[in-house]
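Please build the complex by placing chain B on the supplied structure of chain A, with the hints as guidance.
These are the residues of each chain, in order.
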Amino acid sequence: MQLDNLNPEHMCSGHVGCPGCGAAIAMRFVLKALGDKTMMVIPACCWSIIAGSYPQSALKIPVLHTAFETGGAAASGVRAAQDIKGDTETTVVTWAGDGGTFDIGFQALSGAVERNENFIYFCYDNEAYMNTGVQRSSSTPYGAWTTTTPGQHWKKLRKKNIVEVLVAHRIPYAATASIAFPEDLMAKVEKAKSMTGSRFIHIFSSCPTGWGMPSEMSIKIARMAVQTTIFPLYEVEDGLRYTINYTPKGYLVNEYFRLQGRFKHLTEEDLDSIQEMVDEDWNLLLRKAGISLETS
Amino acid sequence: MATQQPLTNPSPLLIPCSYLTTEGNKTGSWRFLRPKYEEKTSPCSAACPAGEDIGRVEMLTAQGSFKEAWETILLENPFPGVCGRVCYHPCEQQCNRREFDEPVAIHILERFLADTASRYELKPSLQKLESKRQKIAVVGSGPSGLAAGYFLTLLGYQADVFEALPEPGGVLRWGIPLYRLPLSILNQEIAQIRELGVQIHCGKSISQELLRGGKSEYDAIFLGCGHSRSLPLKIPGEDLDGVKNGLQFLTKIRRGEVADLEGTAAVIGGGNTAVDTARSAARLGAKVILIYRRRRQDMPAFAEEVEMALEEGVELWELQAPVKIAAQDGDFVVTLRHMQVVEKNRQKRARIKPDSNKKKEIRVQHLFKAIGGEASEPWYDPPKKKRGMLRLSDCVLLHKSREPTLVYGGDLVADIKSVAHAVASGKQAAIALDILFNEGLDAVRPKLQTCLVGDGPSISLETYMSGPRSLRNHRVVRYHDLNTDYFQFAPMITQPRLLREERFQSFAEINLKIGASLAIREAERCFNCGLCNQCDNCQLFCPEIAVTRDNNPRGRHINYDYCKGCGLCVVECPRNAMILEEELLCDRS
Numbered sequence: 000m001q002l003d004n005l006n007p008e009h010m011c012s013g014h015v016g017c018p019g020c021g022a023a024i025a026m027r028f029v030l031k032a033l034g035d036k037t038m039m040v041i042p043a044c045c046w047s048i049i050a051g052s053y054p055q056s057a058l059k060i061p062v063l064h065t066a067f068e069t070g071g072a073a074a075s076g077v078r079a080a081q082d083i084k085g086d087t088e089t090t091v092v093t094w095a096g097d098g099g100t101f102d103i104g105f106q107a108l109s110g111a112v113e114r115n116e117n118f119i120y121f122c123y124d125n126e127a128y129m130n131t132g133v134q135r136s137s138s139t140p141y142g143a144w145t146t147t148t149p150g151q152h153w154k155k156l157r158k159k160n161i162v163e164v165l166v167a168h169r170i171p172y173a174a175t176a177s178i179a180f181p182e183d184l185m186a187k188v189e190k191a192k193s194m195t196g197s198r199f200i201h202i203f204s205s206c207p208t209g210w211g212m213p214s215e216m217s218i219k220i221a222r223m224a225v226q227t228t229i230f231p232l233y234e235v236e237d238g239l240r241y242t243i244n245y246t247p248k249g250y251l252v253n254e255y256f257r258l259q260g261r262f263k264h265l266t267e268e269d270l271d272s273i274q275e276m277v278d279e280d281w282n283l284l285l286r287k288a289g290i291s292l293e294t295s
Numbered sequence: 000m001a002t003q004q005p006l007t008n009p010s011p012l013l014i015p016c017s018y019l020t021t022e023g024n025k026t027g028s029w030r031f032l033r034p035k036y037e038e039k040t041s042p043c044s045a046a047c048p049a050g051e052d053i054g055r056v057e058m059l060t061a062q063g064s065f066k067e068a069w070e071t072i073l074l075e076n077p078f079p080g081v082c083g084r085v086c087y088h089p090c091e092q093q094c095n096r097r098e099f100d101e102p103v104a105i106h107i108l109e110r111f112l113a114d115t116a117s118r119y120e121l122k123p124s125l126q127k128l129e130s131k132r133q134k135i136a137v138v139g140s141g142p143s144g145l146a147a148g149y150f151l152t153l154l155g156y157q158a159d160v161f162e163a164l165p166e167p168g169g170v171l172r173w174g175i176p177l178y179r180l181p182l183s184i185l186n187q188e189i190a191q192i193r194e195l196g197v198q199i200h201c202g203k204s205i206s207q208e209l210l211r212g213g214k215s216e217y218d219a220i221f222l223g224c225g226h227s228r229s230l231p232l233k234i235p236g237e238d239l240d241g242v243k244n245g246l247q248f249l250t251k252i253r254r255g256e257v258a259d260l261e262g263t264a265a266v267i268g269g270g271n272t273a274v275d276t277a278r279s280a281a282r283l284g285a286k287v288i289l290i291y292r293r294r295r296q297d298m299p300a301f302a303e304e305v306e307m308a309l310e311e312g313v314e315l316w317e318l319q320a321p322v323k324i325a326a327q328d329g330d331f332v333v334t335l336r337h338m339q340v341v342e343k344n345r346q347k348r349a350r351i352k353p354d355s356n357k358k359k360e361i362r363v364q365h366l367f368k369a370i371g372g373e374a375s376e377p378w379y380d381p382p383k384k385k386r387g388m389l390r391l392s393d394c395v396l397l398h399k400s401r402e403p404t405l406v407y408g409g410d411l412v413a414d415i416k417s418v419a420h421a422v423a424s425g426k427q428a429a430i431a432l433d434i435l436f437n438e439g440l441d442a443v444r445p446k447l448q449t450c451l452v453g454d455g456p457s458i459s460l461e462t463y464m465s466g467p468r469s470l471r472n473h474r475v476v477r478y479h480d481l482n483t484d485y486f487q488f489a490p491m492i493t494q495p496r497l498l499r500e501e502r503f504q505s506f507a508e509i510n511l512k513i514g515a516s517l518a519i520r521e522a523e524r525c526f527n528c529g530l531c532n533q534c535d536n537c538q539l540f541c542p543e544i545a546v547t548r549d550n551n552p553r554g555r556h557i558n559y560d561y562c563k564g565c566g567l568c569v570v571e572c573p574r575n576a577m578i579l580e581e582e583l584l585c586d587r588s
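If you're matching them up, the sequences are chains A and B in order.
Quick note on numbering that gives the first Met the number 0: the first sequence kicks off at 0 and runs consecutively.
Quick note on numbering that gives the first Met the number 0: the second sequence kicks off at 0 and runs consecutively.
Hint data in this document are derived by calculation from the structure and do not stem from the laboratory.
One should not assume that every hint holds.
For lysine to aspartate or glutamate, the following EDC-like pairs were computed, each having C-alpha atoms within a straight-line distance of at most 16 Å [unchecked claim]:
1. A:Lys-219 - B:Asp-480
2. A:Lys-59 - B:Glu-22
3. B:Lys-35 - B:Asp-560
4. B:Lys-347 - B:Asp-238
Cβ pair distances, simulated, as ranges [to be verified]:
5. A:Lys-155 - B:Gly-455: 34 to 40 Å
6. A:Ser-291 - B:Phe-31: 49 to 55 Å
7. B:Ala-442 - A:Gly-211: 52 to 58 Å
8. A:Lys-155 - B:Thr-483: 32 to 38 Å
9. A:Gly-249 - B:Phe-31: 36 to 42 Å
10. A:Ser-193 - B:Ser-183: 45 to 51 Å
11. B:Leu-12 - A:Thr-131: 24 to 30 Å
12. A:Ser-291 - B:Glu-120: 55 to 61 Å
13. B:His-473 - A:Gly-249: 45 to 51 Å
14. B:Thr-547 - A:Asp-271: 20 to 26 Å
15. B:Ala-507 - A:Gly-249: 46 to 52 Å
16. B:Leu-12 - A:Asn-115: 36 to 42 Å
17. B:Gly-455 - A:Gly-249: 52 to 58 Å
Every residue, glycine too, gets a C-beta built ideally from N, C-alpha and C.
With the rest of the complex left out, here is chain A:
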């Protein structure tokens, strides 16, 4: 794959992420693209733990660990402080999980981007509250088992489409990215870094522990999510201009679901209805991108 490996690492070994952690891979790629002139705000999430407990840190950049609901607000403050100091060079970013983005930190995020604060908000999405023991979030997909949606009470509600929520704020840049597509991910980070105003990048980060799958399948599963259009790769500029970055080749969702323990209770009929939902979402996205269904 031969990426630009000249980019130095800004993360070190010895972090305490689970084996095969998708969020650790996501952080590695993002920091390679951002460089060391970066300040990071991490509200409560897996990465609060992964980065190591006091007095250790796995990250070679300044990090502010903050409360769960404050990702957007704390970053706004850090940005303001940097501006006062006259430091316009440093990129201020928030690094939050899906819980701190979709649910608990949602109002702070919405407020910050409504003010068009000059920062990048990264949401690494592992589709549940993983570090507290796999509780469902509004990012948990339809059909998934979690400890709060156990047995026959698996989640029967759809995943919140967070990118579209951010797009509705008409921010300069909103994009999805996946750890299985590092070139695309790093290009998007670099693009976001070159812009000003509120930027949002939603990174699909598989979680072997919470999803009930072997650790070596992390990347494969993330790739399949893109290939099946469960998690399409696209970007939206100024809330208007859609670009789809990966055109899938028509894989069906079945295999993606069959490889994960959190979906093992689903019947063929369930999978058929999920396939319909996925197709419906994909067609909606195509329409937004101005691509007619016949030619896609």
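Positioned in the frame of chain A, the structure of chain B alone reads:
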């Protein structure tokens, strides 16, 4: 903003601040599976009778390292130019890419590398082992004899090749038509073998005495005399004046002793000699009918050659057995009996029997017999069974205490008579003799077993000489072992050829050259199954940053202090050049 004053007395930050990295956490202790770099065997190389390291050859070609790629072939086969033309490339049959889209054009690339080396007059830098005292005579300078001489020389022995005819090459020179193998290519590769130090003595027939003489100056004799006498049809009229023998006909063409043919020519047989005879006769102006007693799919001739013969207008009559030949006004009348298939066997040729008494006659102006050959002297063949005899996959070794050791090779022992098998035979003989001289007869078989390519029977000289290839696992990588997400569909290149009409004008080579850019593009299609091509995926996706680049030949190593054994690197390796092993607790230090 202008009204804002700097804080004159900032209150101290009362939050704890980390000042250590996490590198003190040796997270490697979590690991119960251990990823490891371990190169494996590509299916093409295991399918190559000569055991060429094809995966590596294509990798080097894709990198533009044409000389190194060519030398990599030369380590296992002295004839890349010849085999790049006449080999039936069983490698491509086993190519994993076949299940993805189409196989890699290994055959075309082999020829490209040989042509490039010859164009730039490259000299291979091959390492010879230190000289040994034993001398070996090689009888016959066909592909097996020359290969035996070549590999023996690489192993440090003095090899004298004896050839009865005035020029070396055997069937390569006299039996393969020029449109498949131009003379210049053969001469060049033989010259290279001579330059390495192989002595070739032409015009020297060998008598049976050489094999006996207790005072022989040779420690071993390799017999690669080939099958130069054609088998009889055993039907009335086959010895009529004017009924020709296919192989002799081809030899005469090479000597320039054949004039144009008029009228219809019939060729009886289904092997490569029959097809070569038919195509040559067509070039000389005859209308050609190829008569074979079984079906097309049963023909021992290589399918591609049959295909081209038909393309060139040769008619194939299947299930026709000649029963009688008669002369009539200078022509021949051949009586053919119609045959039918009795038993279809997927592995072997179909069994046939006469279809009642259906017969037909055909009148032709020229008639060629080409149903296969045998050794022209009975003592060329290995004896049935004897003490001290070792039957190996590609040669037969006969060890006698007071006389020179005999090795029978080439077509004398081969089931499939191809140049690649002849090379395999010469190589196996050379390695077997080396083992015999160093460690005795009993060590030959087990030691050969260690240098098999995959499950064999092909063997590797590089492995035998403990080159980098010997570190590879013998396990053959199959399609399902690969991570094909990293490969893109790309069609195979097609071999450019002379137009059908152009082929009849001369014996000019049919297959044309390809350029370097096409060759690189084709070589890039290779999955390099089981081999590391430095794609760096293992390093890229490691969540622990535990894969570190360094200066070892592999270019990187795994830092087991931090590797948690998640296995991502192994799964994301597109070519299966890594493995995941169970961690042994006692190994941990």
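Comparing the hints with the structure gives:
At most 16 Å may separate the alpha-carbon atoms for a hinted pair to count; A:Lys-219 and B:Asp-480 meet this at roughly 14 Å. The straight-line distance between the Cα atoms of A:Lys-59 and B:Glu-22 is roughly 12 Å, inside the 16 Å bound, and the hint therefore holds. The hinted pair formed by B:Lys-35 and B:Asp-560 meets the criterion: a straight-line CA distance of about 14 Å does not exceed 16 Å. Simply put, B:Lys-347 and B:Asp-238 have alpha-carbon atoms about 31 Å apart, too far for the 16 Å limit, and the pair is violated.
For the pair A:Lys-155 and B:Gly-455, the beta carbons lie near 58 Å from each other, so the given range of 34 to 40 Å is not met. The given range of 49 to 55 Å is respected by A:Ser-291 and B:Phe-31, whose C-beta atoms sit roughly 52 Å from each other. For the pair B:Ala-442 and A:Gly-211, the beta carbons lie near 53 Å from each other, so the given range of 52 to 58 Å is met. About 35 Å separates the C-beta atoms of A:Lys-155 and B:Thr-483, a value consistent with the hinted range of 32 to 38 Å.
Hint check: A:Gly-249 to B:Phe-31, Cβ distance near 38 Å, so the stated range 36 to 42 Å holds. Between A:Ser-193 and B:Ser-183 the CB atoms are about 59 Å apart, so this pair departs from the stated range of 45 to 51 Å. Evaluation of the 24 to 30 Å hint for B:Leu-12 and A:Thr-131 yields a pass: the beta carbon distance comes to about 28 Å. Look at A:Ser-291 against B:Glu-120: about 60 Å separates their beta carbons, and that is inside 55 to 61 Å.
Checked against the hint of 45 to 51 Å, the C-beta distance between B:His-473 and A:Gly-249 comes to roughly 39 Å, which is inconsistent with it. Against the hinted window of 20 to 26 Å, the Cβ-Cβ separation of B:Thr-547 and A:Asp-271 comes to about 47 Å, which falls outside the hint. A beta carbon spacing of about 48 Å between B:Ala-507 and A:Gly-249 agrees with the range 46 to 52 Å that was offered as a hint. Restraint check, B:Leu-12 to A:Asn-115: a C-beta distance of roughly 28 Å breaks the suggested window 36 to 42 Å.
The hinted window of 52 to 58 Å between B:Gly-455 and A:Gly-249 is violated, with their beta carbons roughly 42 Å apart.
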